[in-house]
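Chain order of the listed sequences is B and Z. Sequential numbering from 3 applies to the first sequence in this note's numbering. Sequential numbering from 37 applies to the second sequence in this note's numbering.
If you're looking for bench data, these hints aren't it; they were derived computationally from the structure. There's no promise every hint is true.
Heads up, simulated DSBU-like pairs for lysine-lysine below, C-alpha to C-alpha not over 30 angstroms straight-line [said to hold, decoys possible]: (1) K42/B / K119/Z; (2) K107/Z / K42/B; (3) K141/Z / K78/Z; (4) K75/B / K146/B; (5) K41/Z / K36/B; (6) K119/Z / K36/B; (7) K141/Z / K75/B; (8) K36/B / K116/Z; (9) K111/Z / K117/B; (10) K42/B / K41/Z; (11) K44/Z / K141/Z; (12) K43/B / K41/Z; (13) K141/Z / K146/B; (14) K44/Z / K107/Z; (15) K44/Z / K116/Z; (16) K43/B / K44/Z; (17) K117/B / K107/Z; (18) K107/Z / K41/Z; (19) K42/B / K141/Z; (20) K43/B / K116/Z; (21) K41/Z / K119/Z; (22) K42/B / K117/B; (23) K41/Z / K111/Z; (24) K117/B / K116/Z; (25) K117/B / K43/B; (26) K116/Z / K41/Z.
Have a look at the derived ranges for each label pair, beta carbon to beta carbon [unchecked claim]: (27) G139/B / K141/Z: 19 to 27 angstroms; (28) K107/Z / E138/B: 34 to 42 angstroms; (29) K119/Z / L31/B: 27 to 35 angstroms; (30) K36/B / D71/Z: 53 to 61 angstroms; (31) N70/Z / K42/B: 28 to 36 angstroms; (32) A128/B / G82/Z: 32 to 40 angstroms; (33) E110/Z / N121/B: 14 to 22 angstroms; (34) P138/Z / G154/B: 21 to 29 angstroms.
Backbone N, C-alpha and C fix where the C-beta goes; we use that ideal spot for every residue, glycine too.
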Amino acid sequence: MLIQGQMMLHVGFGVLGILLAVALFVDVLNVSEKNMGRIKKLSLAVAVFIFLSYLFGGYWYVVHYGPDRAIIKAGQWAWAHNYFMEVKEHLFFLMLILGMYLPIAVYRNAPLTEKNNRNLVLGIAALIVLIGLLMEGAGGIIGKGVTMGLMGR
Amino acid sequence: MTNTKMEKYTAGFGLSLVVTSLLNAVILVLKETNDAVMDTMKAALGHHWTTHGALVIALFVVLGFIFSSMKIGEKWDSQKLLKYIIWAAIISGVVIAGFFLPNLKST
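Whole structure, please, built from the sequences with the hints as guidance.
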């Protein structure tokens, strides 16, 4: 149960990071003095949640993924590991540093009411959401790969 | 296009994001095509992926402070930086996704 819990924390923190990046995107579209404080908090929360997702996912991948990998590679969806896991584990680093950069762009790149500054933050948030959704999709395919391997077909 | 000065850390860490995302793809290709690199990365922190992640984070932070001290913000604006970040993300993503494409055919 502890192992499954770690995986759920990885996915859960990742989803929260994506959702809060969407919330930040909308807030930045409507930026004003009133919501600037919330935008700053959201940028920090996105960075923290993505980093936590990296830590839990990374630990699970290094310590517990081996048996799952063997099951996937023995099944008909071997490409779920050979392609999607390989791409996911390396593309995640891009999302990680985008998440680390987001609070810098929000806190230091003032004022966000200036169009170019606002667009920079919007672009970073959009990239996080896009790559995050790819990560979630790839995770689903990898999970299905384990199911296919266990079904033996 | 207006050329508004950027704050030094926004510019420096933005450029670091561009360079590090490209280096992430380079490190991937290097370790997957060179056994010596892969073995060194495995030996460094016990798993090649752990070492890869630590390298990416360290590069982003160190390059960020180096670039921040180079007054890039006086030459760039946010629009130019965003363009570089998007292109770096596309190139890095295409290299990573493209590198493993043969794995789809072999299984």
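So, going through the hints one by one against the coordinates:
Using a Cα cut-off of 30 angstroms, the hinted pair K42/B and K119/Z holds, with the two alpha carbons roughly 23 angstroms apart. Taking the CA atoms of K107/Z and K42/B, the gap is about 25 angstroms. The hint holds against a cut of 30 angstroms. Taking the CA atoms of K141/Z and K78/Z, the gap is near 27 angstroms; set against the 30 angstroms cutoff, the hint holds. The suggested pairing of K75/B with K146/B holds, with an alpha-carbon distance near 12 angstroms, which does not exceed 30 angstroms.
Between K41/Z and K36/B the CA atoms are separated by roughly 25 angstroms; this keeps the pair inside 30 angstroms, and the hint holds. Among the hinted pairs, K119/Z with K36/B is consistent with the structure: their alpha-carbon atoms are about 29 angstroms apart, no more than 30 angstroms. For the given pair, K141/Z sits about 14 angstroms from K75/B by alpha-carbon distance, which is consistent with the 30 angstroms threshold. Restraint check for K36/B and K116/Z: the C-alpha separation of about 28 angstroms stays at or below 30 angstroms, so the hint holds.
As the CA atoms of K111/Z and K117/B are separated by approximately 18 angstroms, the hinted pair is consistent with the 30 angstroms bound. A hinted pair counts as satisfied when its Cα atoms are at most 30 angstroms apart, and K42/B with K41/Z qualifies at roughly 22 angstroms. Between K44/Z and K141/Z, the direct Cα distance comes to roughly 46 angstroms. Violation of the 30 angstroms bound is thereby established for this hinted pair. Between the alpha carbons of K43/B and K41/Z the distance comes to roughly 25 angstroms, so the proposed pair stays at or under 30 angstroms and holds.
At roughly 19 angstroms between alpha-carbon atoms, K141/Z and K146/B fall within 30 angstroms of each other, so this suggested pair holds. Taking the CA atoms of K44/Z and K107/Z, the gap is about 6 angstroms. The hint holds against a cut of 30 angstroms. A threshold of 30 angstroms between alpha carbons decides the hint, and for K44/Z with K116/Z the separation of about 15 angstroms falls inside it, so the pair holds. Among the hinted pairs, K43/B with K44/Z is consistent with the structure: their alpha-carbon atoms are about 22 angstroms apart, no more than 30 angstroms.
For the hint linking K117/B to K107/Z, the alpha-carbon distance of about 22 angstroms falls within 30 angstroms, and the restraint holds. Among the hinted pairs, K107/Z with K41/Z is consistent with the structure: their alpha-carbon atoms are about 10 angstroms apart, no more than 30 angstroms. With a C-alpha separation of about 45 angstroms, the suggested pair K42/B and K141/Z falls outside the 30 angstroms cut-off, and the hint is violated. With a C-alpha separation of about 26 angstroms, the suggested pair K43/B and K116/Z falls inside the 30 angstroms cut-off, and the hint holds.
About 16 angstroms separates the Cα atoms of K41/Z and K119/Z, which keeps this hinted pair within 30 angstroms; it holds. With a C-alpha separation of about 17 angstroms, the suggested pairing of K42/B with K117/B holds against the 30 angstroms cut-off. At most 30 angstroms may separate the alpha-carbon atoms for a hinted pair to count; K41/Z and K111/Z meet this at roughly 7 angstroms. Restraint check: the Cα-Cα separation between K117/B and K116/Z comes to about 13 angstroms, which is no more than 30 angstroms; the hinted pair holds.
Of the pairs offered as hints, the one joining K117/B and K43/B holds, with about 21 angstroms between alpha carbons and a cut-off of 30 angstroms not exceeded. For the hint pairing K116/Z with K41/Z, the CA-to-CA distance comes to about 11 angstroms; that is within 30 angstroms, so the pair holds. Judged by the Cβ atoms, the range 19 to 27 angstroms given for G139/B and K141/Z holds: they are separated by roughly 21 angstroms. Look at K107/Z against E138/B: about 40 angstroms separates their beta carbons, and that is inside 34 to 42 angstroms.
Between K119/Z and L31/B the beta carbon distance is about 20 angstroms. The supplied range of 27 to 35 angstroms is therefore violated. With their beta carbons about 57 angstroms apart, K36/B and D71/Z fall inside the hinted range of 53 to 61 angstroms. Separation of N70/Z from K42/B is about 43 angstroms and departs from the stated range, judged on CB atoms against 28 to 36 angstroms. Evaluation of the 32 to 40 angstroms hint for A128/B and G82/Z yields a pass: the beta carbon distance comes to about 35 angstroms.
About 20 angstroms separates the C-beta atoms of E110/Z and N121/B, a value consistent with the hinted range of 14 to 22 angstroms. Checking the proposed 21 to 29 angstroms range against P138/Z and G154/B shows it holds: the Cβ atoms sit about 26 angstroms from each other.
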